[in-house]
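Take the two lone chains, each set in its own frame, and fit them into one complex as the hints suggest.
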Amino acid sequence: MADLLPPVELEFSAAGAPVVIIAETVVSSPTQLLRTAPALADPRWAFAYAQMVNHVVQGDDFELIIKPDEFREKYMERYNAEDPDEEVGPGTIRLHNFGIPDFAAIHQPMKNSDELIFFVENVFMGIPYRVTMTEGSAPDYQPVAMVK
Amino acid sequence: MAKKTAQDIKVEAAKLSELIARMRKKDHNFALTLGKEGGVILAADPKKGASVMWRQAKANGGTSKGCMGVASVKGKLIQFYPEGGDEPPKSLYLNTKKHLKDLGLAFKVAFVLPDGAVIGGEDDGEAGAPMSEGTETEEQVPAPASNGKNEDAARVAALKQQIKDMSPKVAALAKSGHPAAGKLATALKTAVAALGSGQLDKAEAVLAKVAPALDKIGDAAPQTVDDAAPDNSAKIRKQLETAFRPIAQDLDKLKDEAGEKVAQKADQVATMFWQVLDASDWKKAVSVLKLSKAFADKEIAALTKQVSEAETGILSGISDFLGDVADTVTNTVGDIAEAASDIAAEAMEQIDDFVDSLTEDGRKKLELQALGFSEEEQDRIVAALATDPNAMRDAKAKLVDDMDITPDQKTALKSIAGGNPRTFKAMCDLATTDPASFAAATATMAALDADGPLDVTPAGVQATRDARIAARAAEGPAQEAITTAQIAIDALQSGPALGSSWETAQQASADAEKAWAEFNAALPDPKDMTEAERQEAMLRGMELDRQRKDAAQAVIDAEAADKAAAAASLTEAQAALAKAKDDQTAALETLKAQDAKRGMLDALTFGRLSPDAHPQIAPEDKAKFLEVFAKDGQIGRNALDLAAHSPDPSVIAQNAGFVADKMLDGFAAPSGDKLDLPEADMRNMATNALRMGASEGQSYFDGFSTYLASGKQLQPDPHGGLTTPLSDPAAERQRKNAIALSRTQAMSAAVINDKGAVNFGSDTAEAAMDHMMFHPGSLTHFTPQMTDKMNEVKTLFTSDATKVEAQGVIDGTALPAVGAPGRTNALKLVAGTTGKDAGAVTDADAKASVLAAMMTPLSQGPVGSCFSTAPVRGIRETDPIRAMTQFSELANTGMYTTPNGQTYPANVNPPKGENPLMRSWEYSVATAAAELTTSREHKKLTGALSKPETFAGMKDVIPDEKWNSSRDPDTGLVIPGVSAKLRKAITQQLKFEYSAGPEVGAVGGSGDGSSTEGGYQVTYKGKALANEADFVAAMKDIALTATGYSATSDEGKAVIAVIEDPKFANTILDSYGAPDPKKIRKDRVAPWNMSSGGFEDQTERVLQGGEPSIDNMLGTTGLLTSRSGRTKDVVGSILGLGSTKPTDMKLISTRGDNANHAFNALPGHPSQDKIRDPNSDAKIEKELVQPGRALASTKLPADQAARLYDDQLRALLPSVSADMRDLIAEAFKRRPTEPMTPKNLKAKVQTELAAYKAVEAQRRADDWVAKNRPDADAAMKQRVLDHFTKAVDSDTSADIQASLMDALPVPEVVIADTNWGGPEGQIYFVAAPDPVTGDLVMWQKNVATGRMTLAGKNWEDSNWYEIK
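Protein sequences appear in the order of chains D and E. In the numbering used here, each residue's number is its place in the first sequence (first place is 1) plus 184. In the numbering used here, each residue's number is its place in the second sequence (first place is 1) plus 20.
If we strip away everything but chain E, and leave its shape as in the complex, we get (with noise of 0.2 Å):
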């Protein structure tokens, strides 16, 4: 062992000094060991957790004996309170007492053992005097205050009894986990310590408390919730309610009694069991109660210290005469304080860190603290803050210069040392844990600081887009002053402005001018003048000319000077506006650069790059992406995006950089040509590049990569996805549907031969397929689910499995011979699919045209019907054969027949520019399917007016001979009578009519074809019968129409007389469903009050034979309430309808409030494999239930909050006009500063935009007004005015939701295809947590996009059937 110097003595001896300075202000946790070269050694801090000062007392020489827990110092007395059953060494306290006299530091040890003993202490005698083990003694131990008194012999027995019974079953509850035990323990020490000093009263009134208790709690164990089953979930959380309520109380007490951070702290310890608990996480719960027991014993201890002091004494003293029961006492104190101690250390630590937050001071010590900077450093430079602003910047670029990076990373490092301390604190991380990902964020960031450093505050950020704003405020006196300049030049071409020099000159000059010719008209002859009269007229000639001349020459000089200055100021004005164009524009690239050094220190700090992201991207790519934030921010977060939801994150890691620069290179060809297009639409071409990427792997960005080579980029898309979007919907969506159209056309054509072959490695073909995925056009006017609808049929017909049959329905397409009945039809659905002439289409085109529409997406169209769609659609996603063969057919036969037999003219009027054949199927199976249905309703109705009380009745009031039929005697044809009449006008007058919804609001349809509100009605000459009068009504109208009397004959009143009769419409409604009591006349079934929904099932029926019933899902009982449990309800029955592959397509169907539907569930979908049984609801409830409650309850750090509000901003950007963009840059200033929770976040957004959204609601309406009701009164207007104010704050719910959808970890599980979608993507039914309130909710989830909208309360309140 080497000897110390001198000075290493003083130096230890000062750093100890110090320590036990700061430890007489306040207790410290602590590690005590022998040290391993003699001595001892001691780790302390107030804050860091006792196992902490542990290994750092290890780390610093010191072995594994010694103890830990906490210590005090009060004068001259070092008192340790070793924790978690350590019993010091026997050797620790000679040697911590010879260790500080050797230092020269007189102080006293005590080692205050759990079970109330103490070693050294006051009584030790002179410091260095040791005392030695087991030399207590009766005067060293404070001896029971009943010794002596013996005031009640048996008062003191029956508590001695009491207590000896008590403490076993104290102990069993302490060994056992019981949350209360630890209360109880205290209680009965506290009772112990009270008989020791005498306090019988106060002995006897604890135990008269712990008593009942026990009674109470009985023999009954701690629930085990690590397996804990959802059901037993209430139970739970009463047990934990019940054994959190005492220890609630003491911290009540503690808020109110104790100093005012321990009352802080007490609020924090049950503001966090609560949120624990409310999270379900009964875990956790669990422990928080331990730390909470341990927390609040420990300060109400400190709080009646008097009490706690005596009984430290006690426990040891009256040992002798309680015996076991002390002991039993001590051990059950022991062991809560073991099971909690770990739990408790870190729980505590946190607490304090948090009470640390609360204060600025705090926060900086926090930030400092992580980054490992010590206790002294963290108060040193707090302090300097005071002095130096810089102080806590300067210590963090010092720690950059102790760090074993690169001199370039270091100067990356430090230019963010004074921005967001997470991210400064992620990056240190990251170049210890991740060299590469951290070379490679320098390297980016360095790039992107090419030109100095980039402040990416928000403070930075606002300063760059204020100046923007600033720039483009002084464009427009700019352009003010140019207009101004070059009007007074063109106005000095005609002569002086008013008041002008050059005006006062030209006045000058004309006074001269006048002065010089009266002068000469006044001049005498010559010869009457004297020569002193010539000299003088001589001279004054002589001057008035000089004074003409230096007139003109000075109008001449006045201007040429004013025009000079107007010239000038033109100069001077363009200046300024090319200067505030050209600040605008570096003010852009500024927020571009920032934007993208913000978005990648955002995505390794909170976001996709961060160690808690989720999914996590492999190490190798993230350098990868790095690298892309240098070329290009918004590319980096978009691949970052689709990455995250991409079965192969490494493609697109390795290629967003090529498409990046791609991108930047203005997708050039070889020869240098560029395309002519805004940046944005070709950062939306790079971004589509990237997500077709994201589908078809890396062959599609060689593919890419050779399309741009060959130059073909730079020709014209012949189908028009380069044409500008329309801003009126009805036409935009023609221009949509022709665009789709005609690339289907395009790509049929190049598939098929003349021979009808279909080849689609022809090299017609490639190059058609490469158009689709590559051209410019094609990633504009973007069709992803079009172009997966064109790769599957190049599957069918390149598989195997499927090409011979796939290649004989084309064979056996050929159009109708002539003179066919359907040949006129199918002429016409083949034109139309091919984009020929009806006249000049032949089979080939009849081959074409099937493939065509097998290349459309069949999805609901915009003035489209579930309730046909949805089972066409399951035919062709899970068939494509049995699809093609039906396209097929109708394009031979122009007819469609059924299955049973029935046949059709094919329909050939589907909405307009939508592909002929593909629609023509399904509207073909509807009109099948509506005359099923119309038949059914015909029978029900003619049923129901068939009973005596109804038409039948009139029988009586008609004569039998007109009542009856006749026959015609030449013919033989039967002349209908009255009733064969009535019966027919039934038939024939009363149509039953799919209605797909009322309009919406005061603005029209909502002509989104979602069909939702959608349900039967019945109709006579052409209007809908309401209500019951209009039926009525009807039926009086058929009734003397069929009888052929008028209204006011005594016939006709007869007749309308058993029509008004109550029994005949009271007839009718019995007919159709038996009276219940909760619904009112008008509410039940009729046919003026036809039930809601539509015909899916005769749709099955028509396509698939059978009488199809419709079945409830959901059942009829044990129906949970809440939104999490209809919508665990709705999930459970998806998964029991089954499934043999992940394809399976389950018809099924909704009615409820605007949820009328008819769909697709998906019940083999992957994303459910989590959640299936055995076991189901319990998954759900782990996998969906419990994730959501926690996301809702979690504050995002201020940081990620302002990314979601920025985010969220700055989408509303590109759409917004200049004024508006101005109210949005205000909105950016006032971005979250605090943590907040996802739905305080939602909330800020809204109240932030409501100026925003008050303007683009009146813009909207505006325009929808002048375009569509410019007469429109005043309470028009604000009708519309209301239902734009409601849809934009609906827009903007939306997009704050779906962007929390995208940002957090939100699991989620897909349950049904919901029709609605088309070319550009497709929307599923999902279920999965909403974080704003916690609930497990419905969602429609955009497949192509990924983007997440809530679909509606409606939709899990609604009852689901399934048709079978």
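So that you can see chain D by itself, here it is in the shape it has in the complex (with noise of 0.2 Å):
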């Protein structure tokens, strides 16, 4: 039920690991959170879940797309930004060393029956991972395919 979702809280442990805290619950497993947290499994909160979900795994490594406009807006501007002809060492970051993205394979945060999709912005590279969960199962990160 919607209006039983209860509080929440995105923190981090004192040893630096992510943990939603549910109510006063303190969850670090994104198994637990739908048991913690019944409401979850309602697809209004799909967008809750999905934060939820990747901010107990990834912590601040990954960020949810929730305007993938915005995400192709900001990607384009900083790829275009970039020198092509650049020679960049291994371990630095350009969006061209991966590509441009579908686009269009990215969405909101939604439930598919009981299969939790989402996208993320993997905030070291920049670039976009899909993620899915079902119930019961760790979540999956995979890059958006490359389309160029």
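A hint or two may mislead.
[As the list claims (entries may be wrong)] Quick list of in silico lysine to aspartate or glutamate cross-link-like pairs, DMTMM-like style, CA-CA up to 20 Å: (1) E/K1011 / D/D267; (2) E/K959 / D/D245; (3) E/K1043 / D/E261; (4) E/K1011 / D/E266; (5) E/K1041 / D/E266; (6) E/K1004 / D/E193; (7) D/K332 / E/D857; (8) E/K967 / D/E261; (9) E/K959 / D/E247; (10) E/K960 / D/E195; (11) E/K1043 / D/E266; (12) E/K1041 / D/D267; (13) E/K651 / E/D701; (14) E/K601 / E/E500; (15) E/K445 / E/D475; (16) E/K1011 / D/E261; (17) E/K756 / D/D269; (18) E/K975 / D/E193.
In short, the hints are calculated from the structure, not lab data.
Set out below in structure tokens:
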């Protein structure tokens, strides 16, 4: 039930591990989220569920994509600002290292049956990942296909 | 016994008289033996040792009964001083006297025995009246001077007792070999003599010095040096120094008081001792110490002759009452003499030779002596030089005439009789020791001398060089003359030159015409003229007409003459130009022939074919190498250099001639068609073919021969190997990348069939491989490391151990399915690697691209980072199947997945032109590692900024509702408050980026990819936070952005106050490390001052999993501080890594000043076998450290120094302009003429090239400014010039160091693979002594060429870590 979504905080433990505090329960595993907050099964909370899953698994290293168009614009702005002829060393991040992703495939968080699907930006690289998670399993992070 | 004739006796008497006359002038070492046929045999020489004389006497008919030592002649008395404990046989004295008498020589003979006893002598009565042994009387032996005087019996008794007490101690010291024993024995002996002569004061004074010395020495036995451990080195050195100190005092006394020659010797003895001591050659030091002792004692005794003479008589005279005391003393002296005699004799001879070498005459004599000329002949020949400058040469020529060699060989040998004496000697020796090589050498000389004997002396070579310069100088004027002549000819087409005879003739013709015209115009009507007037006019007219016609003809003649003269000038100028060119060509050919001859002779004298060469070339190969010099001197030298570093020198020996022949024939096909390439390019090709053969063996040369017979060498190289190198470094790198990529594309495509089966045995594959091995393009742009990789891949697919697995990887390689997430990137990688369009690549191309990646050396690229390359390279080199699997997965998926399941899009943005698939693996791994590193650093910084004194402290100045997060009621999304925004800003806006290093000097980055100055830095909005102020400013910006406050608002000011509070930065600093009293604030590690180094541990973590740590290899205590010591520590730590096989690699890294590097140790390299445990420390000392000291302290002979000097200059010639050539040509004239140490040679090269270096630096600076900063001001230009001045100086320094390392027998140990390199070569870290300083240091060695370059002290001084 939508109105039963308890208070949520996205925090880090003293050791620096990401945790989600639901009401007063500290959750450190994505599979615990639904058990702690059953309301997350409601597709209405897909955004919140995706945000919590992503936080508890990746902390600040991946950022939930809520507005795909804004992400695309930001990505292409950064991409086009790069010098395509620049020779970069290994470990130096440029979007040209990876290409242009299939923006059309990126959408807002959603639930498809019992599968939660959402997209995130890898903060370090700046590229999008598609995340899928079925109930009771760990989320799977896979790079969005590059099309160019 | 055949009776001697009168003539025999006369000749023998004359010879002996002559010898005795020389002995009168100078003491001689002698040997005197009983003759086999009666009489005695005497051999004596002022320089050669007595042992040599002993052999000579025996060779001249002597028996083994006799004695040897030093002999002198004074007046009519011949005194023999037997040494080394030799007691003359009883009959020797009598027979000697009889022999002299038989020869009619009226001389007395005395044997002065070591104990002072005298047999015969002045009191021997008349010559020929022998005094039988045992007939000495008290009258004949000097009695103690104290006898009869008896002035102070108590003093005498006390002295006797002292001597009696001290003698056993001195004897014990002598027997144990104590270095001080000799001096003490002499002192004791002096005291005895003084006592015997009644000089009681003196005896007391001497004993007063001996007593404390004995007390000080005590019972200590001398160190046994043979097995001395290095740890005892300092102790041994101190002992030797202590022992030498009193000897040094004696030597100083000799230098001050003895004659010039003895003083010189004393100086040399002392120098020799300190040299061997500095070289830590303890055994030799002891020998030299003994020698010094013997020499000093002898000469000091001579100085105090008065005492010695008294002592001589006294020793035996007082023996009755001194009893055992005197015996002990004499025995002690004898022991010392015996111990030192052999070494001393030899070393004394060396010193004599050295003294001789100080004078020109002395040098000549030494030269002759080395060739076996007798003393008399030496004197005669040297004396003859005063009137006959060719006396030496002629003497040598005569020597050659007497040799048992062919006439042609004699001719060849004579051609160098006037040159380098060492070379002549080496060739003479070769004729005896290795006739086959001698025959080959002389045949080569004969071939090179075909147009007349080549003068290969420095002067002879310089003369040719001068001739070439003169010819080149003549070219310019000749060219100008041609131009002038041509202009003149052209001008003559339009008329005469001003003032020319043609113009003069024209003027004259015009005048004549004018006169003719005026005459006609003025001529009255004939009817109005009288007959006489008509007659006169007619004559006048005829005259003017003749003049007019003559003038016209003169014009024609003058024109022809001027034009002919101009044409002649042109012809003459053209001839001059042709001559200048011909002369240059002839001089160049002569220079090449001289170089070949000189190169071969140098190799035989002191080079790789000399008796001292290391390694030694097998006798059966020597002749082969020698023959090559007749074909091409440079190829001959290159072949020898390659052989010296090859595991199979024979294969080079047997094929170098073949390769040289092919080169001289233009690598012609059977059709006769040849390569149209410059000679230098073809020589380079030939050398590279030899280099390939050195690693591939005989099969390479067989294949090369077949290939040349096929004519394929005449086809173009589709890969661009024959394109012209580019001057722009970036463009040149692209050219090389394109060639390398093209080669792997061709090779990989050739070995895989349309079904995906890899077959290196197909015709197509073999043809492709042949191209890589033999084609001129492949041998011109030479990529041996890449060829090695191709062969390695071939082995993977043909070896039973790996072929199934290898083929399995290829079978499993296919492009991702359409629609698969990674397909686009996989297509890009496969297309780039195979050179095809991304829309056209197939699964077969994917398979081929994996092979192509495997065929590309995985080295650190020009913009690379060691921290990613090293771990990946380690896998590629040690586990090629795993590497191939990684390439396959990238092609299969377009993704890189770490062992722990993290997936990344394959990096498709490697440096332009490099193999995309190969480099994608490294770059993708680096991306994963950098993410791990960044995450780690973010956590660290986030932790620091979570403390109450930092961002967390802002909570007090920000309302809770703003500080805490909230929630979107519609979506449930958590909306971050300031606290979360600050945290996210740290993660998202503070970037941790690796910087390979700052720009070098004034002219841009090094661009060499060595990444030795790299480290992480934090950037904010694209700008590095270089200091604390930058960091604080960034924090304020982040805070204001997160809060939304303006900096001028009260809230904003409160936020800023938190950040500007010193506690904020102090807390950050403390979070990064406790305060270090040794570091000032700005040097402490902080976000604005990250510790240097990279992320090799994280790369290792990505590849191998786990949590790798970086551990100090060297430890923290007991480290040595000298350069040799530091290097020893490093080498020891590499040995400590352990290994199971020679190909083992172990990831290590360094942190230091310009020495931040990750790379792979080679702890199993075979070169380390000689220093492995047990006792590796001692072995490092013996195998690496000590040889280095010896190399640095040993002077190179003048000819070898000159050869190295010349080679340095010659190496510069191909790359310099004509005017620079003149500068270098001048430097050639100042080649070394004296022996010099490597250090001095290096200094000389640097000094003599000063003019060249200045011009070259200016040229490079001007070029750089013109290209990069045409608007540079004077200050900028000066900075650029300073940069290039340093660079040129460094280049020449590196060149001479490399030459020294190549020419000298420097031991080395390979310790690590640097990652640096590529298709053309690979660089190793090597520990080896520096022959210039003698220190054990680190070098970079090019595996392909063998060139050694000093790595720099910073590498030894850096910290070394193991990643495990």
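Right, here's what the structure says about each hint:
no., hint, in the structure
1, E/K1011 / D/D267, "19 Å, holds"
2, E/K959 / D/D245, "11 Å, holds"
3, E/K1043 / D/E261, "19 Å, holds"
4, E/K1011 / D/E266, "16 Å, holds"
5, E/K1041 / D/E266, "14 Å, holds"
6, E/K1004 / D/E193, "15 Å, holds"
7, D/K332 / E/D857, "14 Å, holds"
8, E/K967 / D/E261, "36 Å, violated"
9, E/K959 / D/E247, "16 Å, holds"
10, E/K960 / D/E195, "16 Å, holds"
11, E/K1043 / D/E266, "15 Å, holds"
12, E/K1041 / D/D267, "17 Å, holds"
13, E/K651 / E/D701, "17 Å, holds"
14, E/K601 / E/E500, "14 Å, holds"
15, E/K445 / E/D475, "17 Å, holds"
16, E/K1011 / D/E261, "18 Å, holds"
17, E/K756 / D/D269, "18 Å, holds"
18, E/K975 / D/E193, "17 Å, holds"
Violated hint for the displayed structure: number 8, the only one.
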